[in-house]
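S.K.: Now for the letters of each chain:
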Amino acid sequence: MTRVVDAEGAHLAAVLRAADFSGRRVLEVGSGEGRLTWGVARLAASVLAFDPDAEYVETARAECPDDLRNKVRFEVASADEIEVARQSVDLVFFSWSL
Amino acid sequence: MEPEGVVDVLRKLLQALVPDGVVVDLTAVPPNAQVEVDGRVLGELDGSAFFPRAEEATAGLDALAREGLLLLEGEERFSILVRYPTGRDAAEDVAQRTYTRMPAPLARRVEAIAGPVAIREFSLVRSFRMRG
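Residue numbers (the numbering used here), protein chains in the order written: chain R, 1 to 98; chain Y, 1 to 132.
Treat the hints as calculated values from the structure; they're not laboratory data.
Values in this document were obtained by computation on a predicted structure and should not be read as measured data.
We put the beta carbon where it would ideally sit given N, CA and C, even for glycine.
Don't take each hint at face value.
Between beta-carbon pairs, the in silico distance windows are [what the hints assert, rightly or not]:
| hint | chain 1 | residue 1 | chain 2 | residue 2 | range |
| --- | --- | --- | --- | --- | --- |
| 1 | Y | P105 | R | E8 | 43 to 51 Å |
| 2 | Y | R40 | R | G23 | 23 to 31 Å |
| 3 | Y | L71 | R | S46 | 19 to 27 Å |
| 4 | Y | E73 | R | V5 | 23 to 31 Å |
| 5 | R | T2 | Y | A65 | 26 to 34 Å |
| 6 | R | R73 | Y | A95 | 28 to 36 Å |
| 7 | R | T2 | Y | R66 | 42 to 50 Å |
| 8 | Y | R40 | R | P65 | 32 to 40 Å |
| 9 | R | A85 | Y | P30 | 18 to 26 Å |
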């Protein structure tokens, strides 16, 4: 089955209007297959991205653009399992239920 | 998860933020997603089991804002399109979703469409500032 999600980029455009991601250390909760992660990571200093679905995380890791690999890390965890050091990020990005 | 549980999880995650850090929350919101063909609305999906789950996180952030931990700085509602080459593709994709369904009469109509079909989904993005 072929589907194209948000080819117009409305999700990413709205997220980038909502806040300035430039140079920020970002914690993303609910990264799915990384569809929005790439766009955020192009601006951010780093992105630590979590999703509870291991298949999604595998896809995201496999499809991560080469030029972003040094600043994006994907991990499998649900929101209540995430462990991150105190005051270690500048921006938390929740992308629930997408 | 109970509402109190969501708030606890959010509170723990927000400990990762620096003082004056930013929270961006992107979530799906009502109304129900619409099935569209050539820009014409054919019908609605049933999201009655889905939206309460999405609203848990929204409510949790609202609770933290009421508590004074977060300050709402902006919000925007918008929609996105999920495009499929045929109606059958759209119906099959929705059938695999856990909390959203396509009502049977609509599914029969959509499955009969040989050409492109789109599903319009509605979203809300909000930004908050962590109070230092």
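S.K.: All hints are to be evaluated individually against the structure, with a verdict given for each.
M.R.: We went through each hint and held it up to the structure:
no., hint, verdict
1, Y/P105 to R/E8: 43 to 51 Å, "29 Å, violated"
2, Y/R40 to R/G23: 23 to 31 Å, "44 Å, violated"
3, Y/L71 to R/S46: 19 to 27 Å, "25 Å, holds"
4, Y/E73 to R/V5: 23 to 31 Å, "27 Å, holds"
5, R/T2 to Y/A65: 26 to 34 Å, "40 Å, violated"
6, R/R73 to Y/A95: 28 to 36 Å, "34 Å, holds"
7, R/T2 to Y/R66: 42 to 50 Å, "44 Å, holds"
8, Y/R40 to R/P65: 32 to 40 Å, "37 Å, holds"
9, R/A85 to Y/P30: 18 to 26 Å, "37 Å, violated"
Checked against the numbered hints given earlier, the structure breaks hints 1, 2, 5, 9 and satisfies all the rest.
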